[in-house]
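Protein chains in written order, with the numbering used here: chain A, 1 to 113; chain B, 1 to 114.
Worth flagging that the hints you see were computed from the coordinates, not collected in a lab.
Don't take every hint at face value.
As the list claims (entries may be wrong) - Keeping only pairs whose Cα atoms sit at most 25 Å apart, straight-line, the calculated DSS-like set for lysine-lysine is:
hint, chain 1, residue 1, chain 2, residue 2
1, B, K9, A, K70
2, A, K36, A, K51
3, B, K9, A, K59
4, B, K9, A, K108
5, A, K105, A, K57
6, A, K108, A, K56
7, A, K59, A, K36
8, A, K108, A, K59
9, A, K105, A, K51
10, A, K57, A, K108
11, A, K51, A, K70
12, A, K105, B, K57
Here is how the chains run, residue by residue.
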Amino acid sequence: GQQVMQIPQYQHVQEGEDFTTYCNSSTTLSNIQWYKQRPGGHPVFLIQLVKSGEVKKQKRLTFQFGEAKKNSSLHITATQTTDVGTYFCAGPYSGAGSYQLTFGKGTKLSVIP
Amino acid sequence: DSGVTQTPKHLITATGQRVTLRCSPRSGDLSVYWYQQSLDQGLQFLIQYYNGEERAKGNILERFSAQQFPDLHSELNLSSLELGDSALYFCASSVIAGSTDTQYFGPGTRLTVL
């Protein structure tokens, strides 16, 4: 079945440093989604990338979708304590006429003030 | 607030018992997904329902079952509970079940099995 790998599993950064998490799929994806889960919270949708080579920005967050549509990255510039949480990528796969999301294991970001 | 509700928020029970977790999807969403999240683990997909019918099964144990009712709310039944079943259980919903659908997660039910 489809597998989505994410690295690193954990990242500790000093406030103000940059942060990047990488996501790789075993199969070509039609799109990739990113979610953020704050400590004690639930996953919240951040963004979806659809096109090969697509780059999208949300303030200090930059999302990229690889040319082959098998990998993606999330880069945060100048981290803040509000960025703390676990970032998941997820790719859709088809089963029984509908789609489910396969989530990576996530990257847990800690920001040291 | 995602619009997805889950009850109860916390559940503490003993091994061997049976519990039911409830989820109400966002208004208008037809698809419901259940996930299990253990400590420091990712989101393990359990099962998906679409408009009342089971659509897909993931890593769901035979002791677990679910259903989606005509009003589209869903229940996840966990029986013969074991210590290892202690986890966060999330419900998510989406409009249909298309490849570009965004999933909206509920606040989760934290299950503790003693």
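> Between K108(A) and K56(A), does the CA-CA distance stay at or below 25 Å?
Replying inline: holds (21 Å)
> Does K108(A) pair with K59(A) here, judged by a C-alpha cut-off of 25 Å?
Replying inline: holds (20 Å)
> Going straight from one Cα to the other, do K9(B) and K108(A) come out at no more than 25 Å?
Replying inline: holds (23 Å)
> Holds or violated: are the alpha carbons of K36(A) and K51(A) at most 25 Å from each other?
Replying inline: holds (21 Å)
> Is K105(A) within 25 Å of K57(A), Cα to Cα?
Replying inline: holds (23 Å)
> Under the criterion that the straight-line Cα-Cα distance not exceed 25 Å, is the pair K9(B), K70(A) satisfied?
Replying inline: violated (37 Å)
> Quick one, are K105(A) and K51(A) close enough, alpha carbons at most 25 Å?
Replying inline: Distance ~23 Å between K105(A) and K51(A) Cα, so the pair holds.
> Given the hint that K57(A) pairs with K108(A), does the C-alpha gap stay at or below 25 Å?
Replying inline: Since the Cα atoms of K57(A) and K108(A) sit roughly 21 Å apart, the hinted pair holds (cutoff 25 Å).
> If you draw a straight line from the CA of K51(A) to the CA of K70(A), is it 25 Å or shorter?
Replying inline: holds (11 Å)
> Would the pair K105(A) and K57(B) pass a check requiring their Cα atoms to be no farther apart than 25 Å?
Replying inline: holds (19 Å)
>> Run the distance test for K9(B) versus K59(A): straight-line Cα separation, threshold 25 Å.
In response: violated (33 Å)
> Taken at face value, is the distance from the CA of K36(A) to the CA of K59(A) at most 25 Å?
Replying inline: Cα-Cα ~15 Å, so holds.
Against the hints set out earlier in the document, violations occur for numbers 1, 3.
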